[in-house]
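Novice: Letter by letter, the chains look like this.
Protein chains: 2
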Amino acid sequence: MSKHNIILQPSGRRGQIDEGTSVRSAARELGVEIESICAENATCGKCMVVVEEGRFEKYNIDSKRENLSPVSTEEAAYFARRPKLLKDKGWEVGQVRLSCQCKVHGDVLINVPEESRGNKQIVRKSAKERAIEIKPSIRKYYVSMTPPNLERPIADWERLAKGLETSMGLVHGTDANLPRWYDLDIDYACLRTLSKTLRDAKWNVTVSVWQDKEVIEVQPGYVEDSYGAAVDIGSTTVALYLCNLRTGELLAAESEMNPQIVYGEDVMSRIQYAIDQPDGLEKLHKAIISTLNKLLKQAVKSANMSLQAPARQSPSDEGIASGTPALAGGAREEQKRPRNDIKVEEILEMVLVGNSTMHHVLLNLHPKDLGLAPFVPTIHKSVDIKARELGLHINPSGNIHVLPTIASFVGADTSAVILAEEPHKQDENWLLIDVGTNAELVLGNRKRLVCTSTPTGPALEGAHVEYGMRAAPGAMERVYIDETTLEPKYKVIGVEGWNTDHAEFIGHVKGICGSAIIDSVAELFRAGIVDSRGKFKKGLSTKRVREGESGWEYVIAWKEETSIGRDIPITQQDVRQIQLAKAALFTAARTLLKRSNLQSPDKIILAGGFGSYIDKEKAMLIGLIPDCELENVYAVGNAAGDGARIALLNVEKRKEIDSVTRTVERFELPTDPEFQNQFMLATSFPHMSEPFEHIAHLIPNRKVDPLAKNFMK
Amino acid sequence: MSKHNIILQPSGRRGQIDEGTSVRSAARELGVEIESICAENATCGKCMVVVEEGRFEKYNIDSKRENLSPVSTEEAAYFARRPKLLKDKGWEVGQVRLSCQCKVHGDVLINVPEESRGNKQIVRKSAKERAIEIKPSIRKYYVSMTPPNLERPIADWERLAKGLETSMGLVHGTDANLPRWYDLDIDYACLRTLSKTLRDAKWNVTVSVWQDKEVIEVQPGYVEDSYGAAVDIGSTTVALYLCNLRTGELLAAESEMNPQIVYGEDVMSRIQYAIDQPDGLEKLHKAIISTLNKLLKQAVKSANMSLQAPARQSPSDEGIASGTPALAGGAREEQKRPRNDIKVEEILEMVLVGNSTMHHVLLNLHPKDLGLAPFVPTIHKSVDIKARELGLHINPSGNIHVLPTIASFVGADTSAVILAEEPHKQDENWLLIDVGTNAELVLGNRKRLVCTSTPTGPALEGAHVEYGMRAAPGAMERVYIDETTLEPKYKVIGVEGWNTDHAEFIGHVKGICGSAIIDSVAELFRAGIVDSRGKFKKGLSTKRVREGESGWEYVIAWKEETSIGRDIPITQQDVRQIQLAKAALFTAARTLLKRSNLQSPDKIILAGGFGSYIDKEKAMLIGLIPDCELENVYAVGNAAGDGARIALLNVEKRKEIDSVTRTVERFELPTDPEFQNQFMLATSFPHMSEPFEHIAHLIPNRKVDPLAKNFMK
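Residue numbers (the working numbering), protein chains in the order written: chain A, 50 to 762; chain B, 50 to 762.
Calculated from the structure, these hints are not laboratory results. As the structure is a prediction and not an experimental result, all values here were calculated from the model. Take these hints with a grain of salt, some might be off.
Put simply, identical chains are the same to the list, so a pair is met inside one copy or across any two.
Claimed, not checked - Result set (DSS-like, lysine-lysine): computed pairs, CA atoms no more than 25 Å apart in a straight line:
{"id": "1", "residue 1": "350", "residue 2": "608"}
{"id": "2", "residue 1": "435", "residue 2": "262"}
{"id": "3", "residue 1": "435", "residue 2": "245"}
{"id": "4", "residue 1": "704", "residue 2": "262"}
{"id": "5", "residue 1": "335", "residue 2": "245"}
{"id": "6", "residue 1": "350", "residue 2": "133"}
{"id": "7", "residue 1": "496", "residue 2": "643"}
{"id": "8", "residue 1": "496", "residue 2": "538"}
{"id": "9", "residue 1": "52", "residue 2": "392"}
{"id": "10", "residue 1": "592", "residue 2": "417"}
{"id": "11", "residue 1": "52", "residue 2": "138"}
{"id": "12", "residue 1": "251", "residue 2": "587"}
{"id": "13", "residue 1": "643", "residue 2": "262"}
{"id": "14", "residue 1": "608", "residue 2": "592"}
{"id": "15", "residue 1": "251", "residue 2": "652"}
{"id": "16", "residue 1": "136", "residue 2": "346"}
{"id": "17", "residue 1": "587", "residue 2": "133"}
{"id": "18", "residue 1": "211", "residue 2": "704"}
{"id": "19", "residue 1": "608", "residue 2": "435"}
{"id": "20", "residue 1": "592", "residue 2": "113"}
{"id": "21", "residue 1": "245", "residue 2": "138"}
{"id": "22", "residue 1": "346", "residue 2": "211"}
{"id": "23", "residue 1": "335", "residue 2": "435"}
{"id": "24", "residue 1": "592", "residue 2": "138"}
{"id": "25", "residue 1": "133", "residue 2": "704"}
{"id": "26", "residue 1": "392", "residue 2": "184"}
{"id": "27", "residue 1": "211", "residue 2": "417"}
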């Protein structure tokens, strides 16, 4: 197969690429991520690239437009809808291409414009300090043995097991003819190194026993601490928490973009990728495994860097198993200084959570049936697998525990949120909402829990919105519109204060992230620029409202304030996207409330990074969340990650969540007869038929009479 | 690295070999096995090869003696001790080489003489028909499910598990909050294919459950039979038995040479090889795994060839789990015809036995400490491992069960012999002897079992005897000497009748195998050619007794009768070897008897192929086994293989043998204070101080007065 040279600017990455590779695939191979949301369907335009022409002596390549496949009908159609973009940028079709569509047939020099680049995201997830009762699945025992001799040449394992029995009082043995330790197992990988370890250690070792039934590690001498990792695999971000399993202490928190994002932005695109590509699942699976291995390494490094030098510790004759509850991050014995030479192989367990697609891909289970009706996962119950089976680089004998899934679109991440927030232990009715591309909702209390999920679309996270983007440097994160002047002000990630606080503002604004989109729409409504049906009003005295390329729009940032050389507006289309998303979310919540015979929840808990950054008042103003006392709306951050940590540190919690998730009632919205009708009512701001008393004072034309229900007529 | 051409005659195998490779390694790489017993220490001389000189146009090579490394001091010493051999063959040192010593530095043409070739052995092990109660570890259940729909999109595993619970009455569940099937597991490899299998099968499947706790196979439709394999890994021969787990029927028995033999003839040489070579264990382990995979394939092929075409079978609503005992090889329902399309992946379990070294190498455990004082195995208790962990090609979710070891030199093969013969259920005292390079002995009854082992040396199997060889074509297997004429007659493997039955005998005799060596020595003693101390008598009227190169000897076959062009004698040295071997075995038996306060056993059971071929009267005449009624001496063939089959077909037997082996008392002979003295007394024929009443009539000079105890003075 012939190869071609490709150079990517401005990164300067270059390499040889197989004939016929798409430019986006080629870039991925060379380590340059190009955005994509539409699963390479030539509809999102996020992957635009520019072909530079000429003979580049320095690189010895001859780049011509003809060295790429001809512009496809789909590409042509995409650009035909965007004449202004082409004019503004001074691009011709053929010079600008959708990198997912065009294939390399000769040497090319490609420029990847800033807006197309897949940047490293600012990760907002961080572990919350919680009081967790420490009951890890792993207990350590110090065993000192008499070395074998010719009179007593009993085998190594039996010698060790006998030592465990006598010194630690292990009670085992289902058969009266067999000794008490006979039911105790040793993992095969651990058995393979046993004889050498015992001799190297001169018969004094520390043994790690998993769930009182299997020896998974034998270390020379006296070792006090074990380590574990809790992981939340989000579609966008993977967050890993390294913990000391004895003290519960959080030693490091690391996160990375989910590398699967190059195969599709949302779970549906990735499922489609796994269906379409023969090796699609394998690629997705390997991508997440290698990122987890990278995070493990990083976390251990961070932990070692932040910890002091180890103090000398003396062995205890009675061993060191600790059944005493301890508080995570709480007071520890000060005299013992923590180690700073932790190794990845000393991590003995991982607990992972993620939505059902992430769960399946992690376990190398094909996600096909998650994406096709009737939407069925392979397994609900929690899974325990040896680390080596998944290729995770913790101790090969270590256990990988994956929390249970509840439904095809209510995954192990929701199980973890339940475990962290404990609605099943409340008298009040709580509504848990985990918002992402998909929203999962759980409602109820100790008597009953109901759940559902709804595709909110990527609009709430900034995608499918003309200038939407993820929460990354250059993204607007807050927007306010003065209801008199109709002038906006905004905040940008990476810039201090509001744009109006700076005399000569150069924000290098790239786009609008989720929280600012909600702000914008709410502010447009509050300021009377769009009406309750979401339509732009005509004849307002501001040049910011104008008829743009694809209809009416409100310009938040002029092009001088941006780094992309274009005005950044919120368009009529964007408002419609938000209306659809919020209607879906609201309808899901209303459905659960109705099934539970409730008018409103006692408390709303917003989980996920998104929930932490949206303005709850504005979210309520557009009707994204049900009406509720504002002080009873809580953002709890990465509750899924917290739930994973809880399950890591307390083995009893694993049984608890397995048991609770079995009782959660699932409702599939499309099967609800009133769904369509409810959805239509919910598209209005804040809602066509709900009072929304708690934010009534913000609703235009309703300030006078918040009880008027027919105000929209 | 430079390469050289090497051609091996007479096989004609040729190839390119790295500079510096030994000729023996080169031959192995090219698939030509050259014998070796001394672990390449230049002492056994079994690996002799001849360098052909000249320019061989046809092969385009230039073979010179100088193309090999110079004759080493060890090689020179070996040949210096054998001037007659060199003279007889017409060889010079330098032309004849020890292939383990000489290294290739240029192109060479090498002739491998017949006596150096590692031939395919005639395998005498065969499965004995035994009544085994069938209680396999695997039960099959037929489950028919309602396909999922939008109203009931429960996950695949939960759907299947629920089906198992309701249709088969599985009682599980240790937690009241969880359903009864919740403790049921599914193996990860099986889970990975579950969703596809269920859909392909249209939700009607047969599920194989291991030990009532783990689903290990899901097959489309109704499937009745499961398959398993029992394996006896001998140091020399690996025997595999393919069984139907439902009926217990033996479907095929296959055997192969243990490929590890190229790394050393006996276990000590292989342990040494594993110690000396950095990748020694890996090579030994991979060799046995690949042979097991080959045997599995062969066995399935043999079974399919011997079975008839499958009949159509109808599913039963109640499933097909069978707890009914059946007799192996006994009457089966005639109306159902067995399948002839068994696949290796349908083999769901293997049970393996072998001596402790074979056990360790199979499990990839380093055998170092088995060979060094105080001789300690890594583990005694039985081991269960997933097939995929060992790289065995049965169903990847299938279980590999390895029987327990008793001591460093009393391995899982002895456990299997105990399981097959059941001394632990007898009132009488039985003496079990498994003779190989090492002999394992178990003595006792239901109240007490004692065991020991002794290195009998390879003499009993034909090695370390000047013309000794394994039981292969061309080996003498029976010898008789007329006490008047002192003329011998003998039988050769592959030739009908005695040599004297043929008018002009051309036996192509290559050497003497174990049974014929015992015959020879016993006959030399009975005919009065050697005395009770094992010394050749002088002045006898036969030219067959002569002073040979290494002392006195008795020629059994003249060189015209052989294929090696040399007379084949039994030498004084050979008699000494047998004396040492039989003294070791007898002393071990006597030690166990003494520890059990017994004069003689009620029954002697000889296990192993060797036991089946020796003449028990002659074995007793030389004092190899203790005195006992001859009709109470039994040869049971491959009892270790039988024990493996029993454990395969009856899961309760696994617990039984785990339990029994824990109670077997081990005696280490070297720690017995009387050992040296007893050993010396036992070197005489039949013994210096034992009456041997049952063969007294055969003892020269004692026919008159069998009670005379001081006849040897």
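Novice: Determine for every hint whether it applies to the structure shown.
Specialist: Status of the hints after comparison with the structure:
In this homomeric assembly, residue 350 and residue 608 never come within 25 Å of each other (Cα to Cα): the closest approach is 43 Å inside a single copy and 75 Å across copies. In the homo-oligomer, the alpha carbons of residue 435 and residue 262 lie at most 25 Å apart both inside one protomer (14 Å) and across protomers (18 Å), since each shortest distance falls under that limit. In this assembly of identical chains, residue 435 and residue 245 lie within 25 Å of each other by CA distance both inside one copy and across copies; the values are 22 Å within and 23 Å between. Taking the shortest alpha-carbon separations for residue 704 and residue 262, both the intra-copy value of 17 Å and the inter-copy value of 18 Å come in at or below 25 Å.
Taking the closest pair of Cα atoms, residue 335 and residue 245 come within 25 Å of each other only across two copies (21 Å); inside a single copy the shortest separation is 33 Å, beyond that limit. For a Cα distance limit of 25 Å, the shortest separation of residue 350 from residue 133 qualifies neither inside one copy, at 50 Å, nor across copies, at 71 Å. In this homomeric assembly, residue 496 and residue 643 come within 25 Å of each other (Cα to Cα) only inside a single copy, at 16 Å, whereas the closest approach across copies is 74 Å. Taking the shortest Cα distances, residue 496 and residue 538 never come within 25 Å of each other, neither inside one copy (47 Å) nor across copies (94 Å).
With identical chains, the CA atoms of residue 52 and residue 392 are never at most 25 Å apart, being 42 Å at best within one copy and 43 Å at best between copies. With identical chains, the CA atoms of residue 592 and residue 417 are never at most 25 Å apart, being 49 Å at best within one copy and 86 Å at best between copies. Taking CA atoms no more than 25 Å apart as the test, residue 52 paired with residue 138 passes in neither setting, with 32 Å inside one copy and 64 Å between copies. Proximity of residue 251 to residue 587 under the C-alpha cut-off of 25 Å is found in neither arrangement, the shortest distances being 86 Å within a copy and 59 Å between copies.
In this assembly of identical chains, the alpha carbons of residue 643 and residue 262 never lie at most 25 Å apart, being 46 Å within a copy and 42 Å across copies at closest. Taking the closest pair of Cα atoms, residue 608 and residue 592 come within 25 Å of each other only inside a single copy of the chain (14 Å); across copies the shortest separation is 117 Å, beyond that limit. In this assembly of identical chains, residue 251 and residue 652 lie within 25 Å of each other by CA distance neither inside one copy nor across copies; the values are 59 Å within and 45 Å between. Proximity of residue 136 and residue 346 under a CA criterion of 25 Å is satisfied in neither setting, with 48 Å inside one chain copy and 69 Å between copies.
In the homo-oligomer, the alpha carbons of residue 587 and residue 133 lie at most 25 Å apart inside one protomer (22 Å), although the nearest pairing across protomers, at 119 Å, exceeds that limit. Taking identical chains as interchangeable, the C-alpha atoms of residue 211 and residue 704 lie at most 25 Å apart only when they sit on different chains, with a minimum of 19 Å there against 30 Å within one chain. With identical chains, the CA atoms of residue 608 and residue 435 are never at most 25 Å apart, being 54 Å at best within one copy and 63 Å at best between copies. For the identical chains of this complex, residue 592 and residue 113 are neighbours neither inside a copy (42 Å) nor across copies (99 Å), given an alpha-carbon limit of 25 Å.
Proximity of residue 245 and residue 138 under a CA criterion of 25 Å is satisfied in neither setting, with 68 Å inside one chain copy and 49 Å between copies. In this assembly of identical chains, the alpha carbons of residue 346 and residue 211 never lie at most 25 Å apart, being 36 Å within a copy and 41 Å across copies at closest. Both within a single protomer and between protomers do residue 335 and residue 435 lie at most 25 Å apart by alpha-carbon distance, with minima of 17 Å and 23 Å respectively. Within a single copy, residue 592 and residue 138 get their C-alpha atoms as close as 22 Å, which meets the 25 Å cut-off; across copies the closest is 112 Å, which misses it.
For the homomeric pair residue 133 and residue 704, neither the shortest alpha-carbon distance inside one copy (58 Å) nor that between copies (80 Å) is at most 25 Å. When the C-alpha separation of residue 392 and residue 184 is checked against a cutoff of 25 Å, the pair qualifies only within one copy, where the shortest distance is 22 Å, while the shortest distance between copies is 46 Å. In this homomeric assembly, residue 211 and residue 417 come within 25 Å of each other (Cα to Cα) only across copies, at 23 Å, whereas the closest approach inside a single copy is 49 Å.
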